[in-house]
Amino acid sequence: MLLMVLRRIAIGLALIMVVSVLIFAITQILPGDAAEVRLGQEATPETLAALRKELGLDRPAYVQYVEWLGRLVTGDLGVSVAGGATIASLIGDRIGNTLFMATAVTVIAVPLSVLIGLLAAMYPGSRLDRLITAATLGLVAVPDFLVAILLILVLSVQLGWFPAVSYLSGSEDLWTRLWALMLPIATLVTVVAAQMIRMTRAGILNVMNSPYIEMAILKGVPRGRIILRHALFNAIGPIVNIIALNLAYLVSGVVIIETIFSYPGLAKLMVDGVQTRDMPVVQACGMIFCGTYIALIIIADIASIMSNPRLRHPK
Amino acid sequence: MTGERKDVAAAEEHYEELPDAPPTRRLKLGLVGRISLVIIAFWVVIALIGPFIAPYHEAEFIEEDLQGNYILDPSFLPPGEQVWLGTDYIGRDIFSRIIWGARTTLGISVSATLLAYFIGITLGIAAAVIGGWVDMALSRLNDAILSFPSIMLGLITIAAFGSSILLLILLAGLIYASGVYRIARALGQDIMVQDFVEAARVRGEGTWWIIVREILPNAAMPIATDFGLRLIFVILFVSSLSFLGLGVQPPMSDWGSMVRENLPGLGNGLLRGALASLAPALAIASLTIAINLIVDEVSAHAGGSLARKMI
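Just so you know, the protein sequences line up as chains S and Y, in that order. Per my numbering, numbering of the first sequence is gapless, rising by one per residue and ending at 1011. Per my numbering, numbering of the second sequence is gapless, rising by one per residue and ending at 1018.
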């Protein structure tokens, strides 16, 4: 088993390398380089050449790539083209905000969706199950910003309970922060949970079809006990897998949500970077998001290995 | 004539009872499915004829009311006789912009999905039929694309090249081709080992004949259902990019960018601004939910095996 897990981790590292090559390669295809962007209108051939030399842009691409990767690993992410601030400090300011929101969403969404998925799976075909299935089927096809707009309209504009813009100065206590973040968290929980509920329900129903469950039914074990004692434990592997995969979905969710609520997080930084075409910022943020995404997918993979006795003890 | 048809219907019904009866090709949609179909048809018609029936041009400002009086501030006008859904943040008719936007949003999404299918099916079948290092190379390339969250790939590419409609179509087409590739390759491999393909080979048929006459017809039905799901992803992807201000550029109207530009009106209450971003968002949702409901019904009809193949 250890070998299989190590193999997955190796695959993950290889994927991150591939992603880093692709992210680096895109800047090389660009018509103008960082020197031209920084000098803008004042560029003369001499100043351009000088700045290129200073930035090391006159060397072959693979040397630049290795250097870029080395700096990335050591945390030296370069300087933002637009503001001149170091990217490490820009990211440092914001990564905490994004992590805080992602953690809050995970803590709420995971138990909630496992519970609702269980409820739906306990009484398949019932009115409750049909309601849950229909609601989640609709929600997975809805754009994230519609959920956000509806929540803002009802909870913020009409009822005035929560602020519509999640501005943080950094000195608030936990409760004030959670209060300010209530709407973005609620939006993300809704969109992430919809998919998780569907897959949890499917996972448990899948287990419910196995012979030992039929055996339990035949011997007269009560329904709730079958689900909680027999089905749930065998469905934990798939459920952990589902959770990790859906948290990976958070990566694209935060991009939309941070924009709509003007939340000073990493995704907002990246989107702003794309708008001003600040490539070093985009590259650094892109690496962080893609790395997280790959890590979560690998965790999902490992979880399904660990939960399957046949994979855990291969002959 | 009618009697004959009845016989056929009776025979078909009888057929269904046999354990190894062929699957019925006819699709019966329930009430939900039919409503969804009407909604989709409605938006397709609007996308085709929209610019001819819209009361205003997508970039036209409302400057005068119906009596010809000059309007001082036309932004976020409430819905009324002149502007059915009100006006947006700089005073353009939202109703007209949604009608114009249907063409942009649907046009980009459908072209991108078709492109994704063209690339994905061609390469997927090629990988399944040729096998060997071609399969290996294509599959590794596919893994690389799949290891990016699609929105990240979109953001990075747009940061490098800037946004244009052509780029959006190519980008979405390429990203979502990877999912199609996986399905086409798996289906192709499944079919390649079937007896009838073996029989065709023994008969001496060429590779091309096997692809066109044996593989494609057998892969058609599962792929067709998957088209709906893929289209939903593409619509959401394109409108998300537009929503971030990185997709369709103004003054062209598009549902995703309409939501974004009118966000400041959200605080003014429903009729005085919020409708301007709510209406296009609801337009997107009506389309994607309708497609999703039909896909759901079709895959339930075709049995679980189909649904599993599509993941």
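Rather than coming from a laboratory, the hints here were simulated on the basis of the structure. For each residue, glycine too, the CB sits at the ideal point set by N, CA and C. Please note that the accuracy of each hint is not assured.
From the derived model, a few chain S residues whose C-beta atoms are all more than 12 Å from chain Y [claimed, not checked]:
{"hint": "1", "residue": "Ala746"}
{"hint": "2", "residue": "Val759"}
{"hint": "3", "residue": "Val843"}
{"hint": "4", "residue": "Tyr908"}
Partial list, computed: chain Y residues near chain S (C-beta under 10 Å) [as the list claims (entries may be wrong)]:
{"hint": "5", "residue": "Asp772"}
{"hint": "6", "residue": "Gln774"}
{"hint": "7", "residue": "Gly775"}
{"hint": "8", "residue": "Ser846"}
{"hint": "9", "residue": "Arg847"}
{"hint": "10", "residue": "Phe903"}
{"hint": "11", "residue": "Phe944"}
{"hint": "12", "residue": "Leu953"}
{"hint": "13", "residue": "Pro957"}
{"hint": "14", "residue": "Leu970"}
{"hint": "15", "residue": "Ala981"}
{"hint": "16", "residue": "Ile991"}
{"hint": "17", "residue": "Leu1000"}
Taking the hints in turn, this is what the structure says about them:
no.: 1; hint: Ala746; in the structure: holds, 25 Å
no.: 2; hint: Val759; in the structure: holds, 21 Å
no.: 3; hint: Val843; in the structure: violated, 9 Å
no.: 4; hint: Tyr908; in the structure: holds, 21 Å
no.: 5; hint: Asp772; in the structure: violated, 27 Å
no.: 6; hint: Gln774; in the structure: violated, 32 Å
no.: 7; hint: Gly775; in the structure: violated, 34 Å
no.: 8; hint: Ser846; in the structure: violated, 13 Å
no.: 9; hint: Arg847; in the structure: holds, 9 Å
no.: 10; hint: Phe903; in the structure: violated, 31 Å
no.: 11; hint: Phe944; in the structure: holds, 9 Å
no.: 12; hint: Leu953; in the structure: holds, 6 Å
no.: 13; hint: Pro957; in the structure: violated, 14 Å
no.: 14; hint: Leu970; in the structure: holds, 7 Å
no.: 15; hint: Ala981; in the structure: holds, 6 Å
no.: 16; hint: Ile991; in the structure: holds, 5 Å
no.: 17; hint: Leu1000; in the structure: holds, 7 Å
When the structure is compared with the earlier hints, violations turn up for hints 3, 5, 6, 7, 8, 10, 13 and for no others.
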